[in-house]
Amino acid sequence: MESKPKGKLAGFFHFPQGDGLSTDEFIKGLWRENPVLVQVLGMCPTLAVTNSAINAMAMGLATLFVLVMSNILVSSLRNVIPKQVRIATYILIIATFVTVADYVIQAISLDVHKALGAFIPLIVVNCIILGRAEAFASKNGVWASFMDGLGMGVGFTFALLLLGFIREILGSGSLFGISLFADSFQDWVIMILPSGGFFALAGWLLLFNGLKLRKKQAQPEQTREEVLI
Amino acid sequence: MKTESLWFIFLNASLINNFVLAYFLGICPFLGVSGKLSTAFRMGMAVIFVMLISSMAAYGIHAFLIWVDAPFLQLISYIVVIASTVQLVEMFIKRFSPSLFKALGIFLPLITTNCAILGLALFQTNKGYNFIESFVFALGAGIGFTLALVLMAGLREKLDFAEVPVIAKGVALTLLVGGILSLTFMGFAGLGG
Amino acid sequence: MLILTALGALGGLTVVLALLLIIANKKLQVVEDPRIDIVEDMLPHANCGACGYPGCRPFAEALVHGDALPGKCTVSSDEGRQNIASFLGVDVGAQEKMVARLACGGGINVARNRARYQGLQSCEAASLVSGGGKECFWGCLGLGDCVDACDFDAIHLDAFHLPRVSEDKCTACGDCVVACPKDLLSLHPVSHRLWINCKNLEAGDEILEECRVACTACGRCAMDAPDKLITMKENLPVIDYSRYIDTTKPIERCPTGAIVYLDPKKGKVSGPKARPVIRKGARTEAPT
Amino acid sequence: MLFDLLKKNPTFRHGIHPPQFKEDTRDKPIRHFPFAPVMIIPLAQHIGKPSVPVVSEGQEVTRGQLLARADGFVSVPMHAPASGVIKKIGRVPSISGKMVPGIFLEPFPGSSQEVLEGKPVKVETSTPEEIINAIQNAGIVGLGGAAFPTHVKLKIPEGKHADTLIINGAECEPYLTTDHRVMLEQAPDIIQGVRYLLKATGATRAIIGIESNKPDAAVNLRNHLPPDLPLSVQVVEVKYPQGAEKMLITAILDREVPSGGLPIDVHTVVVNVATTAEIGRLLPHGRGIQERVITITGPGIKKKGNYWIPIGTPLRYILEQAGAEEDIDRVFMGGPMMGTAVSSLDIPITKGTSGIVAFREEEARKKDVKIYPCIHCGACVDACPLFLNPSKLGILAKFKDYHTMASDYNLMDCFECGSCTYVCPSHIPLVQYFRISKLVLRNEKAKAPHV
Amino acid sequence: MTVDTIQPEKKEVGSFKMFQAMVGIGIICALAIVVTYQTTLPVITKNKAEALEKAIYKVLPGAQTRKNFQWDGQKFSEADPSDHSLKDVIYTGLDANGAMVGIAIEAKGQGFQDAIQVLYGFDPEKQAIIGFYVLDSRETPGLGDKIASDAAFQENFKALTARLDESGKKLEHDIQTVKHGTKSKPWEIDAITGATISSKAVGNILNHSAQYWAPIIKAHIDELRTH
Amino acid sequence: MFKKTLHIGTSPHIIGGSSTDQIMRNVVFALLPVAAFAVYTFGLSALLLLITALASCLLTEYFLNRWIGKSSPLSDWSVTITGLLYGLTLPPHLPLWMVFVGGVIAVALGKFIFGGLGYNVFNPALVGRAFIQAAFPVAITTWMAPFLPDRFSHIPGSTLTLPFLKPVYDITSGATPLSLMKFEHHTTDTYNLLMGMTSGSTGETSALLILLGGLYLIARKMMNWRIPVALLGTVYLISTVLHWSNPDIYPGGLFMLFSGGLMLGAVFMATDMVASPITPLGATVYGIIIGIMIYVIRVWGGLPEGVMYAILFGNAVSPHIDNFIRPRVYGTGKQWSKS
Ligand SMILES: Cc1cc2nc3c(=O)[nH]c(=O)nc-3n(C[C@H](O)[C@H](O)[C@H](O)COP(=O)(O)O)c2cc1C
Ligand SMILES: Cc1cc2nc3c(=O)[nH]c(=O)nc-3n(C[C@H](O)[C@H](O)[C@H](O)COP(=O)(O)O)c2cc1C
Ligand SMILES: Cc1cc2nc3c(=O)[nH]c(=O)nc-3n(C[C@H](O)[C@H](O)[C@H](O)COP(=O)(O)O)c2cc1C
Ligand SMILES: Cc1cc2nc3c(=O)[nH]c(=O)nc-3n(C[C@H](O)[C@H](O)[C@H](O)CO)c2cc1C
Ligand code: SF4
Ligand code: SF4
Ligand code: SF4
Ligand code: SF4
Ligand code: FES
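Protein chains in written order, with our numbering: chain A, 308 to 536; chain B, 286 to 478; chain C, 596 to 883; chain D, 3 to 453; chain E, 45 to 271; chain F, 559 to 897.
If you are wondering where the hints come from, they were derived from the structure by calculation, not from laboratory data. Where hints are given, some of them may not hold.
Derived SDA-like pairs (lysine to any residue); straight-line CA-CA distance at most 20 Å [as the list claims (entries may be wrong)]:
{"#": "1", "chain 1": "E", "residue 1": "98", "chain 2": "A", "residue 2": "413"}
{"#": "2", "chain 1": "A", "residue 1": "523", "chain 2": "B", "residue 2": "455"}
{"#": "3", "chain 1": "A", "residue 1": "421", "chain 2": "E", "residue 2": "95"}
{"#": "4", "chain 1": "E", "residue 1": "152", "chain 2": "E", "residue 2": "185"}
{"#": "5", "chain 1": "D", "residue 1": "30", "chain 2": "D", "residue 2": "187"}
None of the values given here were measured: they were computed from a predicted structure.
Produce the complete structure using the sequences and hints provided.
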């Protein structure tokens, strides 16, 4: 952790030494600490809005926006906010950005807004956002928090897209609304139904588990000299 | 115009469009707190309780915001009011019934920032329910949530003693069971229609 | 106008909320030593219980309250223990590394079975059926309950169905000691290298029929041991580890190899008089 | 026919119907058995403290002479099974696989069956205490299998009372016919034994419970009933484990022994018929027990039958005398449902041995079948006479959740009758699981105070 | 043993500071929201109105403009088109000449999964439904959601009889959904195969709504025209 | 003189009753007449469908178990039942590729993932069917008329649809008795239902053969009779009472019993012991719950048939039934104190 900042705003534009660190903040959210695939957080939007790639994308971007903005604001205000009212203020901040995102999406496309339904406002309660604010932004500088939010947000979007792709391709035979196959393609309706969400995510997790297991098996632990007894 | 009957609102919220299995609200506790039956049940009770409270709170706020003509504050005030109301109630319970607090109280903070609660408030507003309807809706949603959670907990307790392949251990298995439960609940579709 | 309403409404809300939180903050503060969390984080989270506490958290509490010393944690690295010690400003409470040791050398190459056990493949289960069918009642059944009990992958059965403990991996959590129905495993400091590798309470050369490496209670090791390090009790030699001397003298004349020296490099070393352990025509099937 | 259905014999609920296999031996009268060249007499043939030798190596003893005295109340003495020389006092092989303290006795060649007599104990003139002491001095333990010292059971604890004495002649184990033969051949001894027992316990009535597959035994006993004795014969349904005391009490008296309790909690004392007959036979002569009736049977035995076998006769000798097949693969002491498989033929029979069953390879292999996971078929639940849930218990045991087994599923009530394992289509070794679980829990409990 | 190198942080934060921080942030938030709201409001309102108008013109072929009317239980009165909070609003569609083409009515009812919300055009002259549009539904994609897109199904609503009987209080024939391919009466709806339930739901919704509105419209048709 | 080393093991040393593979094999036997009649009724398409269903389940089971190293995975016959039952619940001319997909899902998702035989919490065959029903709702609710004259010479086009393509139907379609009842208020004659003269899923049409198979299994003690009896009794009772109160709305008891998948479900699927409660009373309660739910879905729900959903729901509550309905253990409770 960084050294103690001197003035109130000291940490505001405090760039960490070297770029390596913040790149890492960014990368880790993509894969190693991916909020959906590894930490299994924010499941509701993940499952609910991924029945098409567009929705997944919109949701991901909206979350990304809120995540980045709230991370920035929280980290810049982190020395002003007393510990006791931390959570309450974070929620206020997050709710604000969510409201902003909600109206912006509504202005851009009513259709998308309709498709995402109540889930835009529900970004407020997405555990990832509060989690990052609490676990990262409240302890780190603005730049690092920004990278962290960006990484997590992109990671989240990436995971949503993974789900959105498979659900839309199988479920509607299209991707981003563009039909992929001939008309005679048989849609797998289940994939756009709620249960399909569960199955698709479970499928990805199984796949990753399988890969992890295989990796483990591929490099067996070094055999150490065993002492006979 | 004919409005939905209370019975139907209840059925719809609890079974047909079960919050967890059809709307994907409150998945985190559904995955997280469904490991043990007793915990799941108490969690369910706590959720019903919080849902009723926040539904009423949301109804009040909505009326207030309409009155001051500031619909854009809906989200932020819902979340703030629900969170603080629940906290108030928590303190109240802690003070007056320590045993109840032990049983339900520990879940309260966990629940406040949960999709299902906020979702409930937003849905009831979107659907334009009046006070009684909101109440029934909240009750139905809470009971539906509890049902899903308790069913899941029973199955998971049983699966604790199964030779699950390593690859499926953990969240993946829970999700798969959730998927099958969700399929099962599709049988309720069209009920009361 | 809109701005005023907004400010009024939201301002009001935050005022109420702030008041609420202030009250809550005043009324319900939980005081817990924050060092407990920090120390818990420094522990290995194995929750193995080797420290004598039900888990890492209780141990952390004990550490912070000064009821225990970091050295009790056998799973943590030296560095880890040192870190906790310096964080809390206490002694490490250095404890010598302990390992589990097996007091039987009767693998299927040297020990005979009287009957063949069928049923659940666990030592606990087999030992309930006529002691498990091994001719030596005290001997290892080789079904690996200790292996299953070990969370650290430190025990494996060797080719002769005898468990081998890896000194590196063993954390001395004691799970295998509890698991063995024949009480063959016990925890010892690694430096104790002179070892009685048998528990058979019978005496005389007849028992070599049952097991080639059994202790016949001939008593030579006790005679040879310097400073009365070894005494014979109930037909078995007993090493007084409280005055342990690192010597290989006692194993020199043992005719069976029931007393061994556990060399860190060469492994189990038995004396020159002990006959080679592979018995001609021995049954090689597992003691099932 | 309808009438027959209506007057069905009383029984308990659940249980199983294994094939009986009793035809081979039930008509074979009890015969005497020769003395083995060496007798092996463990000092602990009963539940409780081992007895203490009162003879020394090289000493000559007469049949029926005291070899070892009881060590305290829960202990019984040992008597010499044959006249001969004490060869050694040391460790002897036992059924547990362990070498245990015991005596080697070498009978004199051609030693007679004569038995040393002691001071008679008369029913009419003795107090209950005297009778109980006499039973202890005779070295009598439960011959039904558990080998629990009978006098301990008869000593009614303070504050309790017995109103009924049940004589257990059910003999529900397949293959075994000892009790059957005893009831046919030793009715007067049984009647005499009941007199002692009634006096000792203060019970006001006695009932002999006999499974309906032994009608001749019931008729024989009824014919011998003296008019002055409050003794009756009750025929019960053929069903395993009808002979378990809890089940017999339920069948005959419709009482349920409370969980964790004893028959005396429902004012009942249960004694096996052979035990009763032994009391009636030994006490009037002041003798000690030196032999017992044992059924030797099973597909691996050529000369199946019921024999008086001196206690301490090694198994190998018995099998040789009874003409066992060369390829016997499993030998049990006791019946096939509850008995113990022996790992060595060098062990002796003890007071608790009620039968010896030898299987050849074909029969033995039938048990060695593929184990499937529990399919929740419920057969075990329908079989368990105690209404436990063996399926759940088995699954919990497999995952080593022993505490839940005891706290939620009444593991400790299980008396290991084996009905569940018998019926399980997946061939899960349920009883074995339960034995381990109980042992682990008992060990834990024993260690608990130190932690 | 009691060396406390790290003291538990004792932050004695004054209540006022907490108060200050909260309210301060609350104010910032309020400002942010209001600004967004005000900037996006016009666009959103426009979008919404367009969407509604599009739907209205769709169910009332030939309509060019529309008027909103609110029913207060007694009579119709013209309503502010931008006020979304009003209940019981119907829309009249006027052609280029200002003549009334028909009336667009919103209706709602339970479908297979959730409520279906529709808009339909009613022609008071012909006493028939002349257009149909699904505003919102959560029916199964590829199955129930065909009620919005299936051409054959839309065909039903080119002229679906909703004639009042003599009393003028209710429809002469209930609007009814029948199995696919069995439509024989002008007041019947030919269901979609594989989505009979959703089709039936549409029939029910229209029937309920028409039963309610047709008599009212008939009695007050002048109020709707004269304005 | 005795040649062998003795074997030792724990008591009991004898075992009785039938073994698991024996039970499973007998269920297959009981299902064979049903399958044969299905082929007779619906012809080649049904035959191909059953073969595909069996093959997909057997192959999935075989390869998955091989993968985790279990030996002889098919020896217990249970997956044969799964395959057969799964096939029997599908409409006869469902495209074979869909059949295959569902079979893989049934075994992989319904059984293997939970640990294989004995550990599945839902009925695998129904998991497969539920998946297919949700994935391809149109195909699975399109029915074929029975006893078509060319059923043994002509394979319907839909059966042979290429993978991932929509089926095209070229044969006479039929309406099931339940959808006739639900959408057209027309009840089919009980005799026709009993003898399998109606359209419907491949194996559900002949109630009589199903009943006979069930009776055989019950007689051999390989099936818990309480479940079908409670289930059928509940449905019959509710429908009779309601029919009596208003015959126009509520169909009669016999019609309810013999139409749709009720008989097949009650006799062969609700009775799958792995996913049903273990105690006698529990089994009865389970049957009643499923019965009630079938009635509710059929009569008040959106779908014409609810057997599958009801059984899956029953599976989901069965852990709770096992938890709460337990027989009183001997010697506990109040009763023993009476003496
Ligand atoms: C499962 C089981 C079966 C038993 N079967 C018999 C039996 O058939 N005959 C018998 O005398 N005792 C049998 N017993 C022992 C009785 O419960 C009881 O201990 C015995 O009858 C008491 O008499 P005893 O002490 O004289 O042997 C059985 C016990 C159990 C647990
Ligand atoms: C996953 C699933 C989704 C369904 N969705 C709808 C639906 O949205 N609308 C509908 O009317 N029926 C729906 N159904 C019901 C069936 O398709 C039903 O059998 C059909 O409506 C009966 O109509 P038919 O007689 O024309 O085949 C659905 C069924 C399933 C299994
Ligand atoms: C055991 C069994 C269970 C079934 N369960 C269902 C079910 O839950 N839902 C369903 O729509 N069809 C189910 N079916 C198929 C139906 O019984 C029947 O073929 C279907 O009701 C015809 O439905 P339709 O009216 O939707 O066309 C099942 C069939 C069987 C054999
Ligand atoms: C009476 C009986 C009914 C069965 N029913 C089914 C069934 O409906 N579906 C199924 O997949 N397996 C069934 N099985 C087979 C077996 O129990 C099933 O494959 C297991 O669920 C797999 O673990 C049945 C077995 C029996 C004995
Ligand atoms: S040491 Fe003990 S537990 Fe380990 S294999 Fe040997 S007998 Fe079993
Ligand atoms: S004699 Fe000693 S070394 Fe041999 S098996 Fe027995 S205990 Fe082990
Ligand atoms: S062994 Fe135990 S659990 Fe099994 S049937 Fe007998 S009493 Fe019941
Ligand atoms: S008899 Fe066996 S398979 Fe059946 S429920 Fe009991 S343990 Fe399970
Ligand atoms: S994201 Fe919905 S409960 Fe966590």
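The hints, checked one at a time:
Restraint check: the Cα-Cα separation between residue 98(E) and residue 413(A) comes to about 18 Å, which is no more than 20 Å; the hinted pair holds. About 18 Å separates the Cα atoms of residue 523(A) and residue 455(B), which keeps this hinted pair within 20 Å; it holds. Taking the CA atoms of residue 421(A) and residue 95(E), the gap is about 12 Å. The hint holds against a cut of 20 Å. For the suggested pair residue 152(E) and residue 185(E), the alpha carbons sit about 19 Å apart, so the restraint of at most 20 Å is met.
Straight-line distance between C-alpha atoms of residue 30(D) and residue 187(D) comes to about 11 Å, which keeps the hinted pair within the 20 Å bound.
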